[in-house]
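Asks: These protein sequence lines are chains A and B, in that order. Position in the first sequence (from 1) plus 431 gives the number in our numbering. Position in the second sequence (from 1) plus 864 gives the number in our numbering.
Hints listed in this document are in silico derivations from the structure and should not be mistaken for laboratory results. On a predicted model such as this, the values are computed, not experimentally measured, just so you know. One should not assume that every hint holds.
[Said to hold, decoys possible] With a straight-line cut-off of 16 Å between C-alpha atoms, the simulated EDC-like cross-links for lysine to aspartate or glutamate are:
no.	chain 1	residue 1	chain 2	residue 2
1	A	K963	B	E984
2	A	K962	B	E916
3	B	K1112	B	D1102
4	A	K667	B	D1001
5	B	K1173	B	D1102
6	B	K950	A	D741
7	B	K979	B	E870
8	B	K1053	B	E984
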Amino acid sequence: MANHTIAHDVYVPFLEKKGILSWILSTDHKRIGIMYLISISFFFLVAGVFALLLRYELLTPTSDFVQPHTYNVFFTLHGSIMVFFFIVPGLAASFGNFLIPLMIGAPDVAFPKLNLGSYWIYLLGTVIVLIALAKPADTGWTFYTPYSATTNTDVVMITLGVFVLGFSSILTGLNFIVTIHKMRAPGMTWHRLPLFIWASYATAVLQLLATPVVGITLLLLIMERTLGVGFFDPAKGGDPILFQNFFWFYSHPAVYIMIIPAMGVISEIIPVFARKPIFGYKAIAYSSLGIAFISFLVWAHHMFTSGISDTAATIFSFLTFLVAIPTAIKVFNWTATLYKGSIHLHSAMLYALAFVFLFTIGGLTGLFLGALASDIHLHDTYFVVAHMHYVMIGGTVMGFFGALHFWFPKWFGKMFNETVAKIAWLFIFIGFNVTFFPQFFLGVQGMPRRYATYPAEFESLMSLSTYGSWILGFGIFIMTINLIAGLINGEKAPQNPYGSLSLEWQVPSPPPLENFEEIPHVTDWTYGYGKKK
Amino acid sequence: MTWIPEVASNLASKVDGVLLLITLLSLVFFILITIVLVYFAIKYRRKREDEETPYITGSEPLEIIWTVIPSILLIVLFIYGFVVFKDMRTPPEDSVEVTVQGKQWLWTFDYYNGKKTINELYVQQNRPVRLVMEAQDVLHSFFVPGFRVKQDLVPGRYTQLWFTPTKIGTFDIFCAEYCGTGHSAMLGKVVVLSPEAYEIWEKGVKAEEGAGVASLPPAELGEKIYKEKGCNACHSVDGSTLVGPSFKGIFGHSVELQDGSTVDVDENYVKQSIFEPQAQVVKGFAPVMPSFKGILSDEDVTALVAYIKTLK
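Please put together the full structure from these sequences, using the hints given.
Replies: Structural data, given as structure tokens:
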């Protein structure tokens, strides 16, 4: 590991310059990371409020808070904003931007101006979607045709917004791939790279290859709506199932765009707080690439009941089970890393452990949906809702919260209140499980998803789920307040509060403008914990 | 609380077998990982800041074991799921065929003998049924939890589904593919009859109208029809606006039509709206209602009118 520090009296922290122009014109990857972090966090909270509203409506079987149409708008906005504005760009753009150059020993990303451009494209996309809220869509985040082609809500604006966002995703991916290939410090070989970098690399490849497909699909939908071209309308010779094939060809890999960066985060947090080398480094690194590759071949497992051929369903079921293997390998490796460690249960570590626990549930329940016969029964029920949230919240969001608590001192040079952070974690962990675990049972019993009203027999589990959402919401509220308080009032953070060996902790907190006074020379891998000197 | 819906078709127990095997395997792995995770987190908790840890970077034998064992189990799961799926997709030759149309937001069933029902599918116990299905507008999905069957209905193409009902009774039909505003109201029932009762129904006597139903007062019969024939998917009785106008307080008042003229809501207007829904559409609502000609009898309409009159 590079033996490299910058004396505190000579460096200029990247946060030094003030004023709005110093932000909106900044090409510094760390500042762009912060702008992404603030934007995606904002959209996370907005989409979270929609979640609370729709769960509130589901407290009772009848429509007593809002009418069905409004409910449909709620879940559409919840899903679209969460997926396209928070979870897809989320970790990749914010922490990816902040960490990739620091972790590989580079002064910035390969194309800093393009990077700033990507952020502004992201913002443009969000503005378009905000305009669309005047007559919000009621299609669900999947925009399935023919409903999306015929509903009289404003589907064009929201899909146009998502289309624009896609460019941001593609350009960010491209930037990261070039950065990781070309900007690594001397001695930072592929097998010495931190696993977050491996994960970001696999994610970037997915962003670059998969995003254009959703872009084209949404463009076709917009053409169908505005020009009346019949791509998906059978009356004009189109095929409604074609939309689903296109959509999932992007959106299944997108699931991995969402989760792989979180896996990378967990692979950083666990070794530091267990003070152990990551177990099975190469297995974890290559399994990220393996998952990325297989994820292109499994999309039709969302469509077993859609009317695709039985042969296609069978092949896609088989391929789906293949994805489970690299995923399982990661879980075993994280668990094994704890063995004989010196474990410090810092709040970031608690989120990492929660990730392993919840993601295991998310992964295992995926088996029910991969197997053909059981998927037929469970498809489009609350079982899918629960499974998906265990992967997306239990996985990605826990990874995101873990990353927030882990790298907070590095970003801002401030500390937050650790006790409050742990209390918030407890509320979030309990609230999440109370919200989503009952939904597995609801699904098995046959409760379909996207129902504004529901048969009375489901009431007890449905209202339990709603109570859980309040606990979860409260936990996130405490966490947000605590981090903001830390930002304003927190103690000054030391350079390396957790004794991490990776490069970003070898520079001051917050890091200086160009990251390193001189480019470090790397002589060992990142995870040499416990190695006899 | 029940864990699983009633087992009411030949396919249900087979699907439950797959569910059970995956549940057991998942529980084994889940409990194992959780125990190890919690045990390590407690046992190896940091006691002193300068604690030393061993330099363990991996283990090839372990990597091989935990790659190979899950791979074998996954292949077993895939094959089991596939074998049952094959059964689910292969209807017996002697199945009774029923044509199903999905429309926002009701189900219609057409039988081989010219009978037609809405939101109620009549089938015979222990006799295989094959549904040939199509959607008229957007995607729908025919889902009977008690039978463990589900299949999307797609505009412009036919899809199929089959089952042999094994239990006498009525079972929920849900629409499982999001289809717009009335999605959660697109509910139906499968009525499984004994061979004797099915024969009576086949011959044209309405099976559900036993002595008890036939003697219902008109308003109560109307309420029953309102709930069972799918009126409730689009017309509320509490004043709230769904897809169509609410029935509450509408009878005897005049309503404004699309062209700006007005019409009094009386017996004739209600009857016309049921049989020729597109003729005089109330302002502010889309002309989407299907005709109920041949589905509701004049007696049914009379009963509905009587019910609507009670909704002050």
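Asks: Does the alpha-carbon distance linking K667/A and D1001/B stay inside the 16 Å limit?
Replies: holds (14 Å)
Asks: Please work out if K963/A and E984/B have their alpha carbons no farther apart than 16 Å.
Replies: With a Cα-Cα distance of about 75 Å, the restraint between K963/A and E984/B is violated, given a limit of 16 Å.
Asks: Would you check the hint for K1173/B and D1102/B, treating anything up to 16 Å between C-alpha atoms as holding?
Replies: Cα-Cα ~13 Å, so holds.
Asks: Tell me if the straight-line CA distance from K1112/B to D1102/B falls inside 16 Å.
Replies: Answer holds: K1112/B to D1102/B is near 6 Å, not above 16 Å.
Asks: Given the hint that K979/B pairs with E870/B, test it: the Cα-Cα distance must not exceed 16 Å.
Replies: Violated, at roughly 28 Å.
Asks: Going straight from one Cα to the other, do K950/B and D741/A come out at no more than 16 Å?
Replies: holds (8 Å)
Asks: Holds or violated: K1053/B with E984/B, Cα cutoff 16 Å?
Replies: Holds, at about 5 Å.
Asks: Decide if the proposed pair is consistent with the structure: K962/A and E916/B, CA atoms, cutoff 16 Å inclusive.
Replies: holds (9 Å)
Of the numbered hints stated above, those contradicted by the structure are hints 1, 7, listed in ascending order.
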